[in-house]
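First to last, the protein sequences are chains A and B. Residues -8 to 358 in the working numbering are what the first sequence lists, from first letter to last. Residues -8 to 358 in the working numbering are what the second sequence lists, from first letter to last.
To be clear, the hints were calculated from the coordinates, so they are not data collected in a lab. The structure displayed is predicted, hence computed values, not measured ones. A portion of the hints provided could be inaccurate.
Because identical chains cannot be distinguished in the list, a pair is counted as satisfied if it fits within a single copy or across any two copies.
Below, computed lysine-lysine pairings styled on DSSO-like, alpha-carbon distance capped at 30 Å [said to hold, decoys possible]:
| id | residue 1 | residue 2 |
| --- | --- | --- |
| 1 | Lys302 | Lys251 |
| 2 | Lys251 | Lys270 |
| 3 | Lys(-7) | Lys71 |
| 4 | Lys251 | Lys15 |
2 protein chains.
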Amino acid sequence: MKLICSKSELIKKIGIVIKAVPSKTTMPILECILIKAQAGEISFTANDMELGIETKVEGVILEDGKAALEAKLFSDIVRKLPDADVEIEADSAGRAVITCERSVFRIAGRDPDEFSAIPVVEKEFPVTVSQLTLRDVIQQTIFSIAPNDTNKMMTGELFEIENDRWKVVSLDGHRISIRQVQLREPADPVKVIVPGKTLSEIAKILDGDSQDDVMMYFTKNHVMFEFGKTIVVSRLIEGNYFRIDQMLTTDHMTKVTISKRELLDCIDRATLLVKESDKKPIIMNIKDESIEMKIDSQIGSMDEELAVEEKEGRDLMIGFNPRYLIDALRVIDDETVGLYFVNSKAPCFIRDEKLSYIYLILPVNFV
Amino acid sequence: MKLICSKSELIKKIGIVIKAVPSKTTMPILECILIKAQAGEISFTANDMELGIETKVEGVILEDGKAALEAKLFSDIVRKLPDADVEIEADSAGRAVITCERSVFRIAGRDPDEFSAIPVVEKEFPVTVSQLTLRDVIQQTIFSIAPNDTNKMMTGELFEIENDRWKVVSLDGHRISIRQVQLREPADPVKVIVPGKTLSEIAKILDGDSQDDVMMYFTKNHVMFEFGKTIVVSRLIEGNYFRIDQMLTTDHMTKVTISKRELLDCIDRATLLVKESDKKPIIMNIKDESIEMKIDSQIGSMDEELAVEEKEGRDLMIGFNPRYLIDALRVIDDETVGLYFVNSKAPCFIRDEKLSYIYLILPVNFV
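This is chain A alone, in the form it adopts within the complex (with noise of 0.2 Å):
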């Protein structure tokens, strides 16, 4: 294999792939990136087995062939040579070497044999968003899901297809995220659950500013994502989700409406007195014009008044997590937020008019 390719295109596309290069593995292989160069294209692979890339790569083959290069080694060459073109040729052995103005590098690679393929995924029935929604919703909910825990189904997100509406939900025990995206036309249904990483990788590698789309194609095991030249093929997690409709009431006892930045800096100030090994809640006590927030612990004690816009209903006074409060707040757009309380046992609710978003976050004792 011979190939050459600018510097920065090798950089930008050794980015995409090696996000699927696990950090930890006992297989050596995994810790590559498989380049080919045949039939005229050039692709990058990485693939630790659950989660696949591969991106298409612009250059010039001179050889066809392939060949397996220790990824985090490749990457730091490629970065540190001089902003040029490179070539990389491989010999059938694995050997490889980098070549770039008078600068020559030798490295080993691998069998690129041993490389698994990325499961092959149908293209039929695309579901397409924005790259944008769709880095915004992950980033929008894949706080609360549970990355360590034994329940599988807590280490991933439910995505949910039924015509026009796709529903994101991720919940951790003590807080459930849900954000809702109407879909430019009506797709088939889907139920899977995406394993948090896949998604947090992802969101990397989507381009932020960019309206260009992505596909979304499911089947019973994989999702694939497709956007530019790259593909991303994740497993889907087994099992049924959680049932979560029946914990979302829609009563209310009291009603908020407050500047989502005057609540949010407030709280974080208040996490200064919190250690993160001592749970001391943030205290709420709702009255007609004000909320006075409160935080007693060790180290202080903090107290502030924050105006509310609107408060309908009763009084109340109610603890929580500052963490999940602050996380919630963060990843809202909205200026003003309203918040719906039952009683100081029951969940609270952060949710707009029309449910694009809702964020469900259990109280704790503060007695």
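On the provided structure of chain A, position chain B as indicated by the hints.
Then chain B, alone, in the frame of chain A:
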């Protein structure tokens, strides 16, 4: 004590004195910033018993007094407050109330009388340089101290003043870094060893864009730096510094003039192939028109041919720890550098004609 300062002034001044707050200590009072409000002046002080920093703070005193607040907590709270005036109040028991708009923090301070005063240094016979010069000279030499060496002398830098010549030296047994600065006017002779930690912290506080002056005052056991509204007082390291003059031979058998950027980039690339633990040298094969640079390790090999601008004397093959070359080349501003060699066992010198800098680096065996 009761005073009012703007948030921005507090952040700036906490940022200065916190450099003298030790990250680990068994004496809780050392973790505090002493706030003093008296005689119309507000000051912040921190002191880790080796290094003390005091700075004046702009603000309004409502009631004289002092307080000792845990530096990290105080800093974190101020940073998270709204951008507005902050009121700090403390009672005689050390309890403090920090108020900003409608946010009220209550924290327990410590007894300010436990706080050790910074040693008094008489302001006689200052040596004056610009902040920029002092910062540069520190950054250009600090990398070659041996911060954890049992030989205390290697943990600091020699400051030597003779007439209008100020020399700064650091060494770690493998290399020596020397910077010489022309003072504006002759000063009394000085020959002291300043702790490396003091210099690192000072370099962070100094304004690198500033032509404003720093006054340095030397006593038998202390050095004081005074700039802006800040003083930094540090203990000196006792003992006689190494005699380095005898190591600085001016004879050479080979001299090479080369682009600094090209040499540095090449060595930087080569270090990719060297892990921290294995001590593979970079080998320079110096010929009439070029230097062949070569590194060979378990990971792979690199070859690169560098054009030289000028070469005098014999051909030479010599090996170095690439890290040491990189450290020196990074802090040299010149576009081309001169390298002076005797033979493959003798130190290499990187220096300019007027000896404003001299970097001596021992070679390593490569056979």
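When no copy is specified for Lys(-7) and Lys71, does a C-alpha distance of 30 Å or less occur within a copy, between copies, both, or neither? Close inside one copy (21 Å), not across copies (55 Å); limit 30 Å.
Cα distance capped at 30 Å. Does Lys251 pair with Lys15 within a copy, between copies, both, or neither? neither (40 Å within a copy, 38 Å between copies)
My question is about Lys302 and Lys251: at a cut-off of 30 Å on alpha-carbon distance, are they close within one copy, between copies, both, or neither? Answer is within; shortest intra-copy Cα gap is 15 Å, inter-copy 67 Å.
Lys251 and Lys270: within-copy, between-copy, both or neither at 30 Å Cα: within (24 Å within a copy, 55 Å between copies)
Of the hints listed earlier, the one the structure fails to meet is number 4.
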